[in-house]
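Novice: Assemble chains X and S onto chain F, guided by the hints.
Each chain is listed here by its residues.
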Amino acid sequence: MRERTPDDRAALVVFSGDLDRVMAAFVIATGAAAAGLETSMFFTFWGLSVLKKRGARAAGKGFKQRMFALMTPGSSTSLGTSKLNFFGMGAVMLRSMMKEQGISSLEELMAMARDLGVKTTACTMSMDAMGIGKEELFDGLDLGGVAAFMADASRARVSLFI
Amino acid sequence: MRERTPDDRAALVVFSGDLDRVMAAFVIATGAAAAGLETSMFFTFWGLSVLKKRGARAAGKGFKQRMFALMTPGSSTSLGTSKLNFFGMGAVMLRSMMKEQGISSLEELMAMARDLGVKTTACTMSMDAMGIGKEELFDGLDLGGVAAFMADASRARVSLFI
Amino acid sequence: MRERTPDDRAALVVFSGDLDRVMAAFVIATGAAAAGLETSMFFTFWGLSVLKKRGARAAGKGFKQRMFALMTPGSSTSLGTSKLNFFGMGAVMLRSMMKEQGISSLEELMAMARDLGVKTTACTMSMDAMGIGKEELFDGLDLGGVAAFMADASRARVSLFI
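These protein sequence lines are chains F, X and S, in that order.
First residue of the first sequence? That's 1 in this note's numbering, and the numbers climb one at a time after it.
First residue of the second sequence? That's 163 in this note's numbering, and the numbers climb one at a time after it.
First residue of the third sequence? That's 325 in this note's numbering, and the numbers climb one at a time after it.
Excised from the complex, chain F in its bound form (with noise of 0.2 Å):
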């Protein structure tokens, strides 16, 4: 942190899993790494579940690991929507709605992320603390603390809680 000017750099937290806002961190990410910013993106509590590889499971769970398991998302294809949910009508009814628009889907705009460069980080603390194992993410994916963020954060200049 000697440096006194900001980077060309965006770094974003991801702490929501719902599909809105998830969308939303995707369409910036693009969006900034779009616009020749270094973009990171650091994924952490709610925001796992985006990383999940479908199926997947880790072995050795504790209980209580296993019913957050279950209750929250497996992947980004079962993300429910912050409002209007009503049991998971409310993101096919706004995937729909978007598809009609030709407006990218959350998966092609997380490829997009990936062949922009954007760096993905899942969050240590949160998948301890959730009992996720990395098996459990995509492939690929840096994993780091509270410190990585605010390594990438402190030289940005944006930086999101989304």
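Please note that the accuracy of each hint is not assured.
Reference excerpt, derived from the structure (chain F facing chain X, CB under 7 Å, subset only) [to be verified]:
#1 Thr5
#2 Gly31
#3 Arg157
With a straight-line cut-off of 25 Å between C-alpha atoms, the simulated SDA-like cross-links for lysine to any residue are [said to hold, decoys possible]:
#4 X/Lys226 to F/Met97
#5 X/Lys296 to F/Met97
#6 F/Lys61 to S/Ser420
#7 F/Lys119 to F/Ser78
Bear in mind the hints are in silico, worked out from the structure with no lab data behind them.
All of these numbers come straight from a predicted model, not from anything done at the bench.
Cβ coordinates follow ideal geometry from the N, Cα and C atoms, glycine included.
Specialist: For chains X and S alone, kept in the frame of chain F given last:
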């Protein structure tokens, strides 16, 4: 993005359409503008409800868009609270508590923001997704996408996602 | 706001009173302070619950303010989670899962923030609106409005709304 130091700017994303969060957004925006920062607010997703003219209705919406319009607030005056809403009672109570204390209402804060020259942008991608036409929104708004937000945010001292 | 480059500062708005979000706020704040940033937290709206002394009660509240106090957490120990709360079970489960993993509790993080010199400000406008007196809040807090937050945030490397 050639300049290395931030301008005297603040850039806010208003994603939420909850009365309490939207109030916070306008208190911060007017505070930033009063402190001499060139301030812009980018309204996206649920936040678009804030910009709707009372009683306006877009012609030619699809079925899902009409359903969505029915289930989301028609203007700033019908926003609910993020907690303790109880079908609108929370918002009535909050507004009444604030009024008793001589705190500006949301609508007064919005007028103040306008007077202080706060730039207001409606997110075109959200408008498309929800089938909201610009004739439904206040006059004099800017329309733009994530690139418009990033252009402001990447030069700002303060950027917040609300 | 004459200086052109940001100071080594971080400024957080804690708007939420949800256990999970407040935990994230304190993890980030202590992380920022540990990384050498002068860190300030501005507690507003639901976030004020975090600063309440257990069992304190303000005299002379109006009816609505008393109702509001009854329906919001009385201190950090009674915060609920933003999702899966189930009348407090979510918070009990989350706290227990974190404890098993040796993760600091919210109260430990709060003490750590104090020890690291994190500046804590209670939003006076929210206190007025909700009828919360300063005798209900921890001692040694700063009291201030949005101008106090903007003064810190406009000089900060990182500013987040949580």
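Novice: The structure should be examined with respect to each hint, and the outcome stated for every one.
Specialist: A quick look at each hint next to the structure:
1. Thr5: With a closest approach of 4 Å, the F/Thr5 hint holds.
2. Gly31: Nearest chain X Cβ about 3 Å off; hint holds.
3. Arg157: With a closest approach of 5 Å, the F/Arg157 hint holds.
4. X/Lys226 to F/Met97: Given that 25 Å is the threshold and the Cα spacing comes to 7 Å, the pair holds.
5. X/Lys296 to F/Met97: holds (18 Å)
6. F/Lys61 to S/Ser420: Judged against 25 Å, a Cα distance of about 15 Å means the pair holds.
7. F/Lys119 to F/Ser78: holds (23 Å)
Comparing the model with each numbered hint stated earlier shows that all of them hold.
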